[in-house]
Amino acid sequence: MNKIITFLFLLVVMISGAAGAYDTPATYYVPQSFDFAKNYYNSYGSPDINATIVGDNEFERGKIVTLNIDLMNRGKFLGFESDRTPSGADEIYAAQTEVKLEGKMVDATGIVASLSAEPGSSIEVKSTSQQVGSIRSGQNALAPIKFDIKIDKKAKAGEYNLYLNLTYDYQKNVQIIDANATQQTYDANYWYGMIAQNQTLKVKVKKQADFEIVKTNGSLYQGREDIIEIEFKNTGEDVAKDVKAVINPADPLSTTDDKAFLGTMEPGSTATARFKIKADSKSLTKTYAVDIVLRYETPAGDITYSSTLQAPVEVKELGLFQRLFGWI
5 MNKIITFLFL
15 LVVMISGAAG
25 AYDTPATYYV
35 PQSFDFAKNY
45 YNSYGSPDIN
55 ATIVGDNEFE
65 RGKIVTLNID
75 LMNRGKFLGF
85 ESDRTPSGAD
95 EIYAAQTEVK
105 LEGKMVDATG
115 IVASLSAEPG
125 SSIEVKSTSQ
135 QVGSIRSGQN
145 ALAPIKFDIK
155 IDKKAKAGEY
165 NLYLNLTYDY
175 QKNVQIIDAN
185 ATQQTYDANY
195 WYGMIAQNQT
205 LKVKVKKQAD
215 FEIVKTNGSL
225 YQGREDIIEI
235 EFKNTGEDVA
245 KDVKAVINPA
255 DPLSTTDDKA
265 FLGTMEPGST
275 ATARFKIKAD
285 SKSLTKTYAV
295 DIVLRYETPA
305 GDITYSSTLQ
315 APVEVKELGL
325 FQRLFGWI
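With our numbering, you'll find the sequence shown wraps up at 332, consecutive numbering, no jumps.
Simulated from the structure, these hints should not be mistaken for lab results. Careful, some of the hints might be misleading.
[What the hints assert, rightly or not] Computed beta-carbon distance windows for the label pairs:
| # | residue 1 | residue 2 | range |
| --- | --- | --- | --- |
| 1 | Tyr167 | Asp295 | 22 to 28 Å |
| 2 | Asp295 | Thr239 | 51 to 57 Å |
| 3 | Asn221 | Gly272 | 19 to 25 Å |
| 4 | Thr189 | Tyr167 | 43 to 49 Å |
| 5 | Phe81 | Lys245 | 56 to 62 Å |
| 6 | Ser311 | Asn221 | 20 to 26 Å |
[Claimed, not checked] Cross-link-like lysine-lysine pairs, in silico, DSSO-like; alpha carbons within 30 Å at most:
| # | residue 1 | residue 2 |
| --- | --- | --- |
| 7 | Lys210 | Lys154 |
| 8 | Lys67 | Lys320 |
| 9 | Lys237 | Lys211 |
| 10 | Lys219 | Lys67 |
| 11 | Lys320 | Lys219 |
| 12 | Lys211 | Lys245 |
| 13 | Lys150 | Lys219 |
| 14 | Lys210 | Lys157 |
| 15 | Lys219 | Lys290 |
| 16 | Lys108 | Lys154 |
| 17 | Lys150 | Lys237 |
| 18 | Lys219 | Lys245 |
| 19 | Lys263 | Lys286 |
| 20 | Lys42 | Lys108 |
| 21 | Lys130 | Lys157 |
| 22 | Lys67 | Lys157 |
| 23 | Lys67 | Lys108 |
| 24 | Lys263 | Lys219 |
| 25 | Lys237 | Lys286 |
| 26 | Lys320 | Lys280 |
| 27 | Lys160 | Lys237 |
| 28 | Lys208 | Lys158 |
| 29 | Lys157 | Lys108 |
| 30 | Lys160 | Lys67 |
| 31 | Lys245 | Lys154 |
| 32 | Lys320 | Lys157 |
| 33 | Lys130 | Lys158 |
| 34 | Lys67 | Lys42 |
All of these numbers come straight from a predicted model, not from anything done at the bench. Cβ atoms here follow ideal geometry from the backbone N, Cα and C, with glycine treated the same way.
Input sequences plus hints: build the corresponding full structure.
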């Protein structure tokens, strides 16, 4: 069957839509080649893309994670009404072909997806826009689209909004010309429109314990071992049980006592660990960053570890007083 297809793209003026809705044409210009005098039916319907996060949508702060988002086209062909009564075999064939082809107006083509977060959000979208392709009505995308997001290490627990923005073409109207019922041939003009659709997706940041170093008390002297006190605060939203601080000093600092028990730390509470740390006799007089990790039990009974914290520990020059009375 000889079908000459002319693609006529409609430039659409969009109106703002609410989250989860789509923007439909407010005004448009009909191409001169599109002759409504030969239009037999007015059809109604359009694509409607629905997005769903696949799997868990709750994550820990300080992580980069991949969101898998499934797209499904729930567009429905709502029906049609007669615009002009065909006469003769060729026009009847043209009218039948037109209404058949206009059923494709619910298919979405050339889909482009982008994901964004609110300005100043603790979540950053790392991925750029993605080409999705086409989705026929009643079907899903061939594969979920993937977006990488970074959750700030200081993000508060709770829900955060992400905005999925979709743009795509759809078949606005079809015009059948030069129909020949005997030979079963026709030519067709396809008039396309564009839709911008948006949907709000929600991700959650888990409640968890989090820690910071409030202050460090004490100093070290070259070649001597001294007590250093380090105060920690639970800045998170969850209680931490059976907390142990594990210190890992690097040369020229060392310890034979690398663990301190802090007990249970409620949100907002503080606890102090005491460590014996030795500075090598050849150590430089400066402030060193000492790595510390807190091991704790969550309310669910899982053992987990904090991110690495760094405590400032100062090494001073061994003076006359310390040489004479450092043993006291």
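Hints not upheld, ascending by number: 1, 2, 8, 13, 16, 17, 23, 25, 29, 32 and 34
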